[in-house]
Every structure is written in C-alpha cells, then in structure tokens.
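Q: Here is how the chains run, residue by residue.
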Amino acid sequence: MTMKSFPKPSDLPVPAGAEGWEEIYPYYLVFQDALKEQEDAKFWFCDSQHWPTVFKPFETIGGEFAVKCLGQYNARHLMIPNANGIDFRIHLGYLYMSPIPVPEEQIAARVPDFEARIGHYFANWESKLANWHVKVKGTIADMEALSFAPLPEKVPFEDIENGVGKDGSEVLLENYDRLIQLAYQNWQYHFEFLNLGYIAYLDFFNFCKEVFPNIPDQSIATMVQGVDMELFRPDDELKALALLAIELDLDEHFANTDDPAATLASIAAAAGGERWMAQWEQAQDPWFNFTIGNGFYAHDKYWNVHQEIPLGFIADYIRRARGGAQILRPTQKLIAEKERIVEEYRELLDPEVAAVFDAKRTLAATAYPYVENHNFYIEHWTMGVFWRKVRELGRMLSDAGLFTEAEDMLYLSRNEVRDVLFDLVTSCGVGSGAPIGAVVLPEKIAHRKGIVDALQTARPAPALNTPPQSITEPFTRMLWGITTEQVQQWLGADETQDGSTLKGMAASPGQVEGPARVIMHADELTQVQPGEILVAPVTAPSWGPIFGKIKATVTDIGGMMSHAAIVCREYDLPAVTGTGSASTTIKTGDLLRVDGTKGTVEILGTQPALTGPGAHSHSHA
Amino acid sequence: MSNNDFIEFFDGGKEPTLDSLGGKGASLVTMTAAGMPVPPGFVVNTAAFRAFMGTGLEDSINTQLDGLDPEDIAAVDAASAAIRELITSRPVPADLREVTRAAYDALQARFDSEAPLAVRSSATAEDLPDASFAGQQDTYLWLTGFDSVGEHIRACWASLYTSRAILYRLKNNIPDDGLCMAVVVQKMVNAKTAGVAMTLDPTNGDRSKITVDASWGVGEMVVSGTVTPDNIQLDKVTLAVITEHIGDKHAEMIPDPATNTLVERDVPEERRTVRCLSNDELSAVAQLAKRAEKHYKSPQDIEWAIDADLPDGENLLLLQARPETVHSSKPVAPKASAGGYASSLGFGGVSSITASLSKIVS
Chain P
3 MTMKSFPKPS DLPVPAGAEG WEEIYPYYLV FQDALKEQED AKFWFCDSQH WPTVFKPFET
63 IGGEFAVKCL GQYNARHLMI PNANGIDFRI HLGYLYMSPI PVPEEQIAAR VPDFEARIGH
123 YFANWESKLA NWHVKVKGTI ADMEALSFAP LPEKVPFEDI ENGVGKDGSE VLLENYDRLI
183 QLAYQNWQYH FEFLNLGYIA YLDFFNFCKE VFPNIPDQSI ATMVQGVDME LFRPDDELKA
243 LALLAIELDL DEHFANTDDP AATLASIAAA AGGERWMAQW EQAQDPWFNF TIGNGFYAHD
303 KYWNVHQEIP LGFIADYIRR ARGGAQILRP TQKLIAEKER IVEEYRELLD PEVAAVFDAK
363 RTLAATAYPY VENHNFYIEH WTMGVFWRKV RELGRMLSDA GLFTEAEDML YLSRNEVRDV
423 LFDLVTSCGV GSGAPIGAVV LPEKIAHRKG IVDALQTARP APALNTPPQS ITEPFTRMLW
483 GITTEQVQQW LGADETQDGS TLKGMAASPG QVEGPARVIM HADELTQVQP GEILVAPVTA
543 PSWGPIFGKI KATVTDIGGM MSHAAIVCRE YDLPAVTGTG SASTTIKTGD LLRVDGTKGT
603 VEILGTQPAL TGPGAHSHSH A
Chain W
193 MSNNDFIEFF DGGKEPTLDS LGGKGASLVT MTAAGMPVPP GFVVNTAAFR AFMGTGLEDS
253 INTQLDGLDP EDIAAVDAAS AAIRELITSR PVPADLREVT RAAYDALQAR FDSEAPLAVR
313 SSATAEDLPD ASFAGQQDTY LWLTGFDSVG EHIRACWASL YTSRAILYRL KNNIPDDGLC
373 MAVVVQKMVN AKTAGVAMTL DPTNGDRSKI TVDASWGVGE MVVSGTVTPD NIQLDKVTLA
433 VITEHIGDKH AEMIPDPATN TLVERDVPEE RRTVRCLSND ELSAVAQLAK RAEKHYKSPQ
493 DIEWAIDADL PDGENLLLLQ ARPETVHSSK PVAPKASAGG YASSLGFGGV SSITASLSKI
553 VS
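Same order as they appear, the protein sequences are chains P and W. The first sequence begins at 3 in the working numbering and counts up one residue at a time. The second sequence begins at 193 in the working numbering and counts up one residue at a time.
For reference, chain P alone in the conformation it holds in the complex (with noise of 0.2 Å):
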C-alpha cells in the first residue's frame, strides 16, 4: 500500500513577496539543501499549537528555547527509554517538528539509567518542586533587576574617583547577555518538571486503558487533574475583584474601562474605592503578570501592562453578575464530580488491582498538577518580563537612532541584537556619534516586514513528507494530539467534499449548539459574544474570562491535555481540539453542533460572508 503524504518543504509555494525568507531566521533553523534527503524522509508537524503565527526572527527564540529544553529532558536527564527529544525546523515562517526516537537496540541500556532518575524526582517531589519555585522566582527577580539604560555622555566623575576603569558600556552588553541567559535558564527549568508530570500521567492512562478498556481518555484526565490550580488564580482574582466592586457598589466606574488610568482614579475617588484599589494592587503581584497571548510572541499584551484588559473583563463579570449569573467556577461542583468518578471507577476493581489504581492515580494526581500551574510561572510571568525588557531595550536602540520604532528590534535575531549593541558601544567608545546601524539597519528591518507580512498571507501545511505507518512516541500524542487517526484525517480531508462535519478529539464532554464565533488572534477576542462558539487555531488558558461567555470551544490543534481541554474541562463546556481545519472551515455566524464527547462538529447552517468585525480576519499585531 502506498502511502499518502503530505507536501514535502521543497513543495510548498513561497508566498509573493516572501522570496528569500531563510536569510531572516539563523541557519540552523531552515531546512539545509545539503541535508535534504535525510530532511525529506522525516516526518515533521506543524506546532501551531504554540506558534500559530509567523515568527519574527527576534521570536524564535522562545520556539528554540522551549523544544530544545524538551528534548534535553528526555535525551541527557531522565534518559527517557524509547524516546529523544523533538528535532525542529522553521519553514516558511512556521515551526515543524519530529521526534526522534531512540534506536530499538538502545532502549533496554537507557531503562536503568530512566527508572533511577525520574524515582528520584518522584520519591523527592515536594522538596525538589518546592526548590523550583525559588530557583524559578529568582531568575524572575534577577530579570525583573536588569535595565537598559542609555548610555551616560561621559564616563561620571564617581567612577573616576572609584577607578573603575570601565565605561558602562559592559553593563549593557551583560545585561543583554543575562536577559537572554535568564531567559534560558527558565526555559530549562520549565521541563524539569514537565516531562514527569507527563510520565506519571501516562503511566497512570496506560493503566486505565489495561483494567478499563476504551475508557475515555477525558475520565483519566479529569481523575487526576487539579480543580484549584494557580494558573487559574488571575482569572479567580478578576471574578472577586468584580464581586467586591459589586459589594461596594462601583459599577458605574467600569463605564469606560478602555481608559485604565481614568477608571482607577475614579474608583480611587469613590466611596469604599480604598479598599477596592487596595485589592487590586495585591491582585496585580503576581497575578497580572498574565498574557491574553501564550508568552511566545513580543506582540503579546500582559495585564500589568495593558490593564484595559483585566479592567474590561472585571467589568464584563460584574455585568453577568448583576444579571444573575454565576460567575464563581463551579468548584464545589468539580471537586464532588471528580471525587465520584475516581470512586466509581475503583469500585470496580479487585481489591489488589485497586490497590494498584490507588498508586497510579495519586501519583499522577501529585505530578500533575504542574503540567498546568508551570504555564503560569514561565509562559506568563518569566515570559512578561522577558518581553517588557525586550521592548525596554528596543526603545533605548530607537532613541539611540538604531531604529525607526523599538518593534524594529524584533526584526532581528538575537544574535544580530548582539552585533547592534557592540555597534553602539563602539559608537560611543570612539566618539563618532552615530552607531553605522542607524544606515543599515532601517532598510534591512523594512525588507524583514516585507517578508514577514508576505509569510503571513498563507497558513502553514498540518505537516510534511510522509507519516510513519503509526504514530506511538507518547508525548507527540499526548502533547500534540498527533495519532495516528489525526494524521490520516489530515490526510484524508481534503476527500470530504461536503465538509459538514469536523472530527477532532472528544477533549470535554457535552453537546450543544450555537452559533460559531472565529477568533483568528487574542487581539480579537473583545468580539465573542455570549452564548458563541469559539472556533480558532488554538486557544490559551489565559482566555479565562471567555470561557465564561461562550457554549463550547473547537479548536484547529490540541489534544486532550491542550489548553483549550483543561480550560473547558474546568468550566464544563463541552470543547473538540485537533480538528485540523475548524477555523478555516468555519465562518462566524455558521450555526454549528458541538459534541464534545464524540469529538465532533457539525455546521448545520453557513452564514453569508461576514465584513464587519470577527469576519474571518489574519491580522496580527
């Protein structure tokens, strides 16, 4: 038989305008002419969990850090038995990966080696997470220390008188150096824990899938899944901000809640508003430190930040509120239904086996835990302030003259960044008072935009080259929901003419119907009416507040441990993900039914084209 495949790199159509595109990411990263036969004959897919949109070259650096970490993880400290890590590739603007996984004669050697270490973390796992909080928080305190100040016009007098001898040009350089070491640095520290988390999860379905056969996989998920979770805190502390606001009788304050510093004064001003505004603050450390975005992009907007954001989404909850909704999580509800099911599903087993179960499930239920709450302390908070010194540093390289508008930076990569920072350095250092950069670099940076926005017209391929016959490496699937059932449905959708039905994974269970709200980009989230269905690419925790409005969540790309799967499980909408084409299939306003525990979508009415705003739109920031 042979195999359907998917466009090999070489295949794809760059887009018009886009020509030349390897030359703005490291050579590293781009598929080689010289490796093409080794290239071509791996299968590769499209995270466009994590990367929905192109990457400007300064962004990859959250693509390279994340899966090279991964990979290390399962390659050179637990010594996982059957699998390597994750080898990448950026093509045409999007990430592409392929597990590596290790030779059949080499697994046995790696066994002992894999069962002394991951017994170690978990023989040792309060004391050894508790260790990550402080490693984790100090590398966000020491990023949160650095500045990028201008460079002083003379060496001060003090420094003179200290005989320094240096003139301040190294702290910039170091700080550079540093903000992306912390960077690293807490990217490593962010599968630590991970890889494990997974492995006592998949130990665990494994499990249930031998004593229960076919058991939903959302039934293993919910049996060890957490119910009060930090990455759920800013939404939480939203919800009682709007409560208290509520008690206090502030409503009319959040009338216009686009105009932040206007809002807070008033609330300042008001009645009772001192308690509010005291509330507030203590909400913001940490808990702001929360993106609508995923933290991998610099466009993403951060809630300490842009506080438009958590104002609008207080004012949305005291709406509903007032309205009569309940806008607290059902966590009672939660917490007494996943005790049930554990219990239900025990009883039906032998004592000895559910002695076994026992085991299993407490372990994975202490283990995994962190797959959810790490988002919170890497993707949001190390990632916000990673981000806000990047654009702090962009902005001193603009009024330095190196660039037209701080953003430019992001058209570089960060070693180029480097290269810029010494061309200022020396500037100063010989006293010629301009850096070369501010020639070169604005018609390189208007070349970079013109290539970036040319490779954002066109999505990226599911995947490339030819599949394996079955897709078993664990983390793929539980991670990225890459089985082998999806890969063929990629394959096979273009065969369905009539497109009516979408199959994706049964992430949450429920059915409903209503009409489809696609959300393309965060940016465009203020769009979602009540009572919607979201339809996009790929959804983030961090939509917390959205979740509270709409019916039921269908997403491009996912699996049952996604985003978009814990977040509906936890508020109890029904959600299919790994639907491969849902948000290019489906137009706002299609009256759609969602069942998410068959995995399926039915669009039973299509609208007429929409113009207005939430037309199926590709802007990006």
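Hints in this document: simulated from the structure, not taken from any laboratory. Hints are supplied without guarantee of correctness; some may be wrong.
[Unchecked claim] Within a straight-line C-alpha distance of at most 27 Å, the following computed DSS-like cross-link-like pairs (lysine-lysine) qualify:
(1) P:340 with W:489
(2) P:335 with P:553
(3) W:482 with P:340
(4) P:551 with P:589
It should be emphasised that the depicted structure is a prediction, and the values quoted were computed from it without experimental measurement.
Take the given structure of chain P and dock chain W to it, following the hints.
A: Positioned in the frame of chain P, the structure of chain W alone reads:
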C-alpha cells in the same frame, strides 16, 4: 387493593420471597420497593398455583407423566398436550377467582381507562445465575379484559408442562413434586422504544461499560433477536458514548387500536437507520441500569421501555432486572501489571517503582 394469601401487589409492601413470587415477580417487587420506575401490577403467587392444582389436577397429571420415556418425543408431546388441556380447561376455584378479579379491578382503578395488561410466568427456578433456563415460560402481551387475563394466567401455569419443560426435568432428574409457578400481571407499556441493557461489556466482561440494545416498539423483538437493534456502549462512570452501531431496525411491534392487539409492522425507511434513543433517553437508560446494579450489587441485565403516553423524564420504565449470568462469575477485569514506567511508556522494562512509590505519595 391489598395483598391476600394469593395476590401480592408490586407495591404491597410485603417482603418478597422467591418461593412465593418466583424470580421475576420477586424482582419486580424489590425494584418497586427500591423506587425504580416499574409499571404497576401484582403477582398471582405460588400458593394460588397450589390451590389450583390441589383441585385434583395433580393426580391426573401424574397419570400422564408416569413411565414417560424421554426418548419418545411423540409420547412426550402427547402427554404435554393432554396436561395443558387439563390445566387450561379446569375452572379456577371460586375464592381464587374472586381475589384475582378484585386485584384486577384494583389495578385498573389506577388508570383513566381500562389499560391493556401483560401476563408473564414467574418460575421459582428461572433466572437464577446457576440454573438459567429463561425463556421456557411464557409471556402474553396486550391483554384486555379480565377474562383474557384469567385465561392467560392458566396458560402460564400450563407452560410448566410444555414438551421442552417436561423433557428438561426428565433429563435433569428434577422432580415434579415441588414444581411451582407464580404469574405476573402488569400494566402494559405502550413502548415507542424498548430494549435491554447490560451493566458490562458482554464481549470481555469489562464492568466499566454499559451496553444498550434498543429498537422501535415493544422490546420483544430485541429479546427474541428478530430485529438488529441499535447497539451502544457507554462508559459506566461518565455515561460517555464509546461505540455506537446503528442497527437496521426493519420491524416493530406496536399496538393496533383497531383490533386492540399488538401487531408487527415494517418500520418506515427514514426511522430504520437513525438511533431510536435521544441522548437524554440513552443516559436515562444507562442510569437506570446502574441503579439496578447498585441495588442488587451485581452486574445486571435489564429490560426497559420508553412509554409513548408518559411525559419526558417519567417515560422510562423498568420491565425486568436479572443478574448477568455469563460474565459475572469471571474476574471483573484483567489483572493489570504493577510494572514500572518503562513498561507503561510502551517498552519492555520491568521495575517495582510504582510499588515503592505508593508509600511515598500516600
């Protein structure tokens, strides 16, 4: 409407015994007492059977059976026919007839108009996990009027003496002395959909599943295998649908108002290939099966029906629950290995990590 020596209402409040009510009758009484949605009715108990047989029938029957050769099928058939003729033609003693009539009237008094009834035999040895010969007794559906009910009660009694039943006892050395039969008289459900449900996966005994077979009309066609029903498997804990096969439900048994009987008719094309249960109905059937299992503390095989005349939410009725006999004596699930992470990630290492971890995390 109260119990007496011969009659026990499902909701009469008396502790049921197998000896008195037979398996089916006792089960209907306990299910009613447990608050499950059982259509109302009563049991004509084994004391009634004995009172009837005590009118001199036993001697005549024994004469027929005496020296019967189980290999001589023609002789067995002749004896069977003669005995059943004896039973169905024999008048019921006046006192028994009177209390049965009163029970019939009391049951009908619960409905706005005279309701059709079902009469089913309820043997004392039927439906037991280790002596399963279900199907050897009779069921009569959609009976109207007391005379018809009375006639079919005797027909049930007579069903103890079908050729098959006589042969079964002869070959298994089961004496006729203690032979007993109770009879269930129950309001007929006007089933729009009906079927069976098992609280396990009958293909492997997996007790985390519920398996439902459902078809249009009265459930007899599902039980007898004359239609291919919809077959749906659900997760027992979350009630999520795991697999679903839509059967070609070509025929259904439904009441015919003209003749006041059940008739079999073809199912129109557009209803054959759609699932005959809505999501809510399917969940309700699964929940009912779970309740029965919880009540009896063993895997159950239930018969259920959805009444066309009752409002949604009150229209699912339990007709019968009996222990599932094929798998319930086997291990509930394969013994999963307590093997290490290596094995659960899909490669063949063996370790005792889980065992040593269980004490760490507990």
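Q: Each hint needs a verdict: does it hold in this structure or not?
A: Evaluation of the provided hints:
1. P:340 with W:489: Holds, at about 23 Å.
2. P:335 with P:553: The hint holds at about 18 Å.
3. W:482 with P:340: holds (18 Å)
4. P:551 with P:589: OK: residue 551 of chain P and residue 589 of chain P at ~19 Å, within 27 Å.
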